[in-house]
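*Asks:* As they're listed, the protein sequences go chains L and P. Adding 6 to a residue's 1-based position in the first sequence gives its number in my numbering. Adding 8 to a residue's 1-based position in the second sequence gives its number in my numbering.
Keep in mind that a hint or two might mislead.
List time: in silico DSBU-like cross-link candidates among lysine-lysine, alpha-carbon distance up to 30 Å [what the hints assert, rightly or not]: (1) L:K161 / P:K143; (2) P:K222 / P:K199; (3) P:K199 / P:K230; (4) P:K143 / P:K199; (5) P:K199 / L:K161.
Quick caveat, the hints were computed from the structure, so don't treat them as lab data.
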Amino acid sequence: MNDGMMNSRTATVAGYVLGFALLFAIWHLASQYLVRSVLFPSPIPVFIRGWALIEDQLLQEAVIASMRRILQGFLLGSAIGIPVGLAIGSFRPVRLLLEPWTEFFRFIPAVAMITVSVIWFGIGEESKIFLIAYTTIFVVVIATAAGVGAVGRDKIRAAQCLGANRFQVFALVALPATVPYILTGMRLAMSNAFVTIVAAELVASNDGLGKMLWDARLFMQVEDIFVALISLGLLGFATDRTFRLLIRAFAGRFNPTM
Amino acid sequence: MGDEVAFVELDGVGMTFRGRTGAYQAVRDFNLELSEGEFFCLLGTSGCGKTTVMNMLAGFDAPTEGQIRLEGRPVRGPGADRGVVFQGHDSLYDWLTARDNIAFGLRLRGMGRAERRSIADRFLNMVGLAGQGGKHPSELSGGMKQRIQIARALANDPRMLLMDEPFGALDAMTRAVLQGELSRIWSENRKTVLFITHDIEEACALATRVGVMKRGPGGTLKAVVPLDLPYPRERTSDAFMASFRRVHELIHAEIHPQ
Ligand SMILES: Nc1ncnc2c1ncn2[C@@H]1O[C@H](COP(=O)(O)OP(=O)(O)OP(=O)(O)O)[C@@H](O)[C@H]1O
Ligand SMILES: [Mg+2]
Numbered sequence: 007m008n009d010g011m012m013n014s015r016t017a018t019v020a021g022y023v024l025g026f027a028l029l030f031a032i033w034h035l036a037s038q039y040l041v042r043s044v045l046f047p048s049p050i051p052v053f054i055r056g057w058a059l060i061e062d063q064l065l066q067e068a069v070i071a072s073m074r075r076i077l078q079g080f081l082l083g084s085a086i087g088i089p090v091g092l093a094i095g096s097f098r099p100v101r102l103l104l105e106p107w108t109e110f111f112r113f114i115p116a117v118a119m120i121t122v123s124v125i126w127f128g129i130g131e132e133s134k135i136f137l138i139a140y141t142t143i144f145v146v147v148i149a150t151a152a153g154v155g156a157v158g159r160d161k162i163r164a165a166q167c168l169g170a171n172r173f174q175v176f177a178l179v180a181l182p183a184t185v186p187y188i189l190t191g192m193r194l195a196m197s198n199a200f201v202t203i204v205a206a207e208l209v210a211s212n213d214g215l216g217k218m219l220w221d222a223r224l225f226m227q228v229e230d231i232f233v234a235l236i237s238l239g240l241l242g243f244a245t246d247r248t249f250r251l252l253i254r255a256f257a258g259r260f261n262p263t264m
Numbered sequence: 009m010g011d012e013v014a015f016v017e018l019d020g021v022g023m024t025f026r027g028r029t030g031a032y033q034a035v036r037d038f039n040l041e042l043s044e045g046e047f048f049c050l051l052g053t054s055g056c057g058k059t060t061v062m063n064m065l066a067g068f069d070a071p072t073e074g075q076i077r078l079e080g081r082p083v084r085g086p087g088a089d090r091g092v093v094f095q096g097h098d099s100l101y102d103w104l105t106a107r108d109n110i111a112f113g114l115r116l117r118g119m120g121r122a123e124r125r126s127i128a129d130r131f132l133n134m135v136g137l138a139g140q141g142g143k144h145p146s147e148l149s150g151g152m153k154q155r156i157q158i159a160r161a162l163a164n165d166p167r168m169l170l171m172d173e174p175f176g177a178l179d180a181m182t183r184a185v186l187q188g189e190l191s192r193i194w195s196e197n198r199k200t201v202l203f204i205t206h207d208i209e210e211a212c213a214l215a216t217r218v219g220v221m222k223r224g225p226g227g228t229l230k231a232v233v234p235l236d237l238p239y240p241r242e243r244t245s246d247a248f249m250a251s252f253r254r255v256h257e258l259i260h261a262e263i264h265p266q
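All chains, please: the whole structure from these sequences, using the hints.
*Replies:* Laid out in structure tokens, this is it:
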């Protein structure tokens with residue numbers, strides 16, 4: 007069994023490496039033989055440009071600026087979304103009162119809120135953190151509330167006839183049973199946060215990967231555009247993997263579908 | 009005997025479910041007295057109202073007619089004096105180890121870690137799972153999970169045990185093994201047991217009395233058969249066969265009404 011797990015892990019890593027190698031190979035061939043335009047560079051000059059940006063600390067600055075906003079907004083949004091979701095899932099009056107809110111706001115995408123957030127908070131950090139928090143909250147609320155609703159009836163009854171009071175049922179049964187749903191909601195919210203941050207930085211920002219994309223377009227630095235795109239892909243990929251590992255560590259043991 | 013209070017009393021108990029499809033009287037005029045230390049098997053065809061009766065005695069549902077009393081006091085909701093073993097094994101806590109599942113009730117009472125552990129290990133041993141306490145429910149077989157459920161209920165030291173077809177989903181061999189273990193445990197601690205089953209042989213192997221239910225709507229107790237056979241029961245003995253035949257006739261009339 008251990009052998010099988012090792013093999014499947016090796017296979018996964020090998021799959022990633024080969025998959026990315028194949029992607030870059032196709033990209034290279036396409037740029038050499040198919041498109042042949044300065045607007046579509048081969049990965050080689052892009053990597054060279056990326057290395058130069060790293061040596062000048064510019065790429066790191068942009069990545070750190072964007073990631074800091076994502077993290078701050080994401081943590082703020084989760085810190086609000088989890089308790090609200092728990093309350094909606096646990097108490098009927100709260101659900102009846104707040105469900106219209108979540109059902110209303112989740113159809114107003116964060117990118118549509120960029121203008122109003124810039125008017126309210128300016129083009130500094132606050133507007134981006136607001137937008138990321140906004141996009142995080144509703145996903146986390148809905149996932150958390152659904153998780154509370156999905157706690158098996160027998161799990162709660164078993165606790166009651168072992169002597170649990172209402173608080174113990176909530177803290178020792180409903181809450182841990184909901185953790186996998188919360189983490190899944192946060193994982194979805196994180197991918198939304200990537201979409202939102204780029205859009206927000208494109209429109210109004212002094213730094214970050216979105217700003218890098220925007221400047222590169224202004225000055226026709228095609229390699230810079232590709233460096234920013236690849237960075238986004240890699241960052242999102244790495245973040246999502248980390249989340250999946252966390253979900254596995256906390257929840258995967260008892261929920262093999264995660 | 010007459011004015012002495014029975015341990016458990018179901019007095020004209022009835023349950024009518026009201027839903028969108030109208031009212032359905034699942035149980036009607038159910039009368040039963042259990043004395044302390046007896047092993048009562050409630051036997052009946054599917055849908056006759058066995059689980060409904062147990063849910064009312066456990067305190068999960070309030071009867072719509074009549075009253076249930078435990079040592080003279082009306083039952084008002086679930087409590088630690090009535091341990092429940094559920095039909096499926098969804099009631100186990102997936103995020104806890106087998107040992108922590110068994111010790112859950114002790115934890116609710118604020119018992120210290122070391123004491124909890126030693127009690128849980130004693131009950132793990134009792135249900136034949138010594139050394140398996142570190143596993144999570146997803147790592148246990150169906151039979152092992154039911155053993156954990158039984159150990160969890162017993163470790164909490166309830167006054168009585170309510171068991172809803174605890175072995176219903178197991179293969180015949182595992183079922184026979186668990187029946188033997190349950191019988192042995194009961195012989196040692198003599199807890200009052202209400203055991204629900206639709207398996208005649210199971211009822212005859214375990215019970216001091218078997219109650220046969222009439223099919224619904226309006227399911228009620230049709231007859232009670234006392235089984236005065238020594239434990240462990242010889243399933244091939246003439247006396248066992250005779251009891252089996254008696255109960256079988258009662259059930260047969262329910263399956264094939266004239
Ligand atoms: N919550 C409910 N609402 C409406 N009807 C219900 C409800 N619970 C049970 N019933 C009905 O009551 C009757 C008895 O159900 P119950 O679950 O007690 O049967 P059972 O004897 O335990 O059957 P089984 O052996 O299949 O578990 C059934 O006809 C069922 O449809
Ligand atoms: Mg049932």
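*Asks:* Against this structure, judge whether each hint is valid.
*Replies:* Cross-check of the supplied hints:
no., hint, verdict
1, L:K161 / P:K143, "holds, 18 Å"
2, P:K222 / P:K199, "holds, 27 Å"
3, P:K199 / P:K230, "holds, 25 Å"
4, P:K143 / P:K199, "holds, 28 Å"
5, P:K199 / L:K161, "holds, 23 Å"
Going down the numbered hints, you'll see the structure goes against none, and every one checks out.
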